[in-house]
Each structure stands twice: as structure tokens, then as C-alpha cells.
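Novice: So you can see what is in the structure, the chains are spelled out below.
Number of protein chains: 2
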Amino acid sequence: MKTRTRSTLISLCAIAIALLVAGCACLSGKCCTRAKPTVQRYGMITGLKPEKADEYKDLHANPWPDVLKQIRECNIRNYSIYLIELEDEPYLFSYFEYVGEDFDADMARMAADPVTQQWWSRTDPCQIPLPDLEEGQIWKGMEEVFHCD
Amino acid sequence: MKTRTRSTLISLCAIAIALLVAGCACLSGKCCTRAKPTVQRYGMITGLKPEKADEYKDLHANPWPDVLKQIRECNIRNYSIYLIELEDEPYLFSYFEYVGEDFDADMARMAADPVTQQWWSRTDPCQIPLPDLEEGQIWKGMEEVFHCD
Chain A
1 MKTRTRSTLI SLCAIAIALL VAGCACLSGK CCTRAKPTVQ RYGMITGLKP
51 EKADEYKDLH ANPWPDVLKQ IRECNIRNYS IYLIELEDEP YLFSYFEYVG
101 EDFDADMARM AADPVTQQWW SRTDPCQIPL PDLEEGQIWK GMEEVFHCD
Chain B
1001 MKTRTRSTLI SLCAIAIALL VAGCACLSGK CCTRAKPTVQ RYGMITGLKP
1051 EKADEYKDLH ANPWPDVLKQ IRECNIRNYS IYLIELEDEP YLFSYFEYVG
1101 EDFDADMARM AADPVTQQWW SRTDPCQIPL PDLEEGQIWK GMEEVFHCD
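Protein chains in written order, with our numbering: chain A, 1 to 149; chain B, 1001 to 1149.
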């Protein structure tokens, strides 16, 4: 066997060992450590007109695909809305996570989307914003007092 | 060079190629595809005594490490609590995700933990359970009407 062939094979062995080490690191999950996007959590609340509760629920049981697409494109994730009655008045509580870098800009982009505007023209009349909100606002932000991952 | 040595080196080369393929798959993220646990989302509500709001907030700004550990061991993740005033009455909303396989069993385990019991002996007197709850219950579950990932 020629010396060159032998040294080539030895080099390949070294590569094999290096890859074996890399493979072990991978299997142990170390290669899977990726930069996690910064998540901002939002908890919000609004009132719901009792006579519109069914309409609101029906709309949200079958949300328009383009509205969901817009939510995602505007960096909203893990978005849930809950309904609860407090002293016979229905309220909506929402929780979502924002993974973008400019919340106000993304929300402005969502507000400029024609399909989202159409959707809101159906949902806004169902809701009763809390009295201390500015004109045009529907959801009021709540104060986060606890979080654990 | 002996035939045995040569074939050993060739085998090692084959291992190197296999590991190279595995390494590429890993770098492309394919090895990171892990079974995602089933997640059950919970949105809950309770009242808060106005005169106890600061105490409740202080406790939750510095939660006891063993309480957090117990929460995690009982398969609760991504747990947030929000505070809001509705018609001058403070309420607490909580959102969390359950990743275990037996929620009732895990909650029973949490309730049996002495440190958690001590923690609850501080937090329960701050809260006003909704009137339609059973004796001993603090948080009332809300109805999820919408979710998108």
C-alpha cells in the first residue's frame, strides 16, 4: 500500500472520530441550542355584549384563514381568547405572545390589512371596551404580576 | 500494509461518511425534531381583595423557589398571572399550559406538597373565589373561544 493512500485513510479516520464526537454532541441535544426569539407576553381584556356572545363565538370557532395568516405575519403566536361571566356580564380575556421586534409597527400593519379590517367590522360591534380606554381601542392591557416558564 | 489493517481503515472511512451524512442532517435541524408534548391550555380567574393586592403582588414578585420547582414538577409550563380592575374590583387572570398526562393526579400531588400548602396559606386569604365555585376552590376555569398557534 502506498504511503499517500495510507495517510489519506488515516486522515479519514481522524475525520470519523471528529464526526463521532460531533454526533454525540448532537444526540445529547447540544447542537439543537438555537437562539430563542425574545417573547413579549400580553394579557388583555374587553367586555362582550351578552346578545352578541354567540355571534362572537361562532366567528372565532371558524376564523377566516387570511386573518390567521395576518396574525402570524405580524409576529403574534400562541394566541388564545377566553370567555367568562362576572356578575352576569360576559368578558373576554386574551393571552398572546409577540415574537417580533417592533410591536407597534406590526400592529399598525395588521390594522392596515383590508381582510383584518373586514374581520374587525364583524367583531368590534360584539365588544364593549372598558370605560377608561381611548376612543377606538377595544382591548385593555393587564398587569403581569407573575410568570414562570 | 496488511489486508486486515486496510479493511479496518476502509470500515472507518464508511463510518466517517455515515457520520458526515448524520452531521449534515443535524446541522439542517432534522435531528432536532423531537416529539412535542401534548399541551392543554388553561385560562382561569379569581377575585382579589383590594386591601390584599399589594401583599399578593409582593409574594408573586418573589415566589419561593420550592413552589416554582413544584409547579414545574407537576408539568405546568408558561404560567402567567395578570391583574386588572373591573368596576373598581380587582381580579386575577391566569394562563398556563399543562404538559403532563394526568392533570388531576398532578394537581393532587401539588396540593399534597407541604411547601405549596404553606404558600397557599399566604395567597388564599388574598383571593375572593367567584361565588359559583365549590368550597375550597379558588380559581374558576374560563371557556376557550379561540386559539391559534
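Don't read these hints as lab results, they were simulated from the structure. Please note that the accuracy of each hint is not assured.
[Claimed, not checked] Each computed BS3-like pair below joins lysine-lysine, with the alpha-carbon atoms no more than 30 Å apart:
| # | chain 1 | residue 1 | chain 2 | residue 2 |
| --- | --- | --- | --- | --- |
| 1 | A | Lys140 | B | Lys1052 |
| 2 | A | Lys69 | A | Lys52 |
| 3 | A | Lys69 | A | Lys140 |
| 4 | A | Lys52 | B | Lys1052 |
| 5 | B | Lys1140 | A | Lys57 |
[Said to hold, decoys possible] Which bits of chain B does chain A cover? Going by a derived footprint, with three or more residues having C-beta under 8 Å, they are:
| # | segment |
| --- | --- |
| 6 | 1054-1064 |
| 7 | 1079-1085 |
| 8 | 1107-1117 |
[What the hints assert, rightly or not] Sample of chain A residues with no beta-carbon within 12 Å of chain B, all distances over it, derived:
| # | residue |
| --- | --- |
| 9 | Thr38 |
| 10 | Lys69 |
| 11 | Ser80 |
| 12 | Pro90 |
| 13 | Asp106 |
| 14 | Asp113 |
| 15 | Gln117 |
| 16 | Met142 |
Owing to the predicted nature of the structure, the values given are computational and were not obtained by experimental measurement. Think of the CB as a built atom: it goes at the ideal place given N, C-alpha and C, for glycine as much as any other residue.
Novice: Compare the structure with each hint and give your call.
Specialist: Hints versus structure:
no.: 1; hint: A:Lys140 / B:Lys1052; in the structure: holds, 23 Å
no.: 2; hint: A:Lys69 / A:Lys52; in the structure: holds, 25 Å
no.: 3; hint: A:Lys69 / A:Lys140; in the structure: holds, 23 Å
no.: 4; hint: A:Lys52 / B:Lys1052; in the structure: violated, 35 Å
no.: 5; hint: B:Lys1140 / A:Lys57; in the structure: holds, 20 Å
no.: 6; hint: 1054-1064; in the structure: holds (count 5)
no.: 7; hint: 1079-1085; in the structure: holds (count 6)
no.: 8; hint: 1107-1117; in the structure: violated (count 0)
no.: 9; hint: Thr38; in the structure: holds, 15 Å
no.: 10; hint: Lys69; in the structure: violated, 10 Å
no.: 11; hint: Ser80; in the structure: violated, 5 Å
no.: 12; hint: Pro90; in the structure: violated, 10 Å
no.: 13; hint: Asp106; in the structure: holds, 15 Å
no.: 14; hint: Asp113; in the structure: holds, 15 Å
no.: 15; hint: Gln117; in the structure: holds, 18 Å
no.: 16; hint: Met142; in the structure: violated, 4 Å
Of the numbered hints given earlier, the model fails hints 4, 8, 10, 11, 12 and 16; all others are met.
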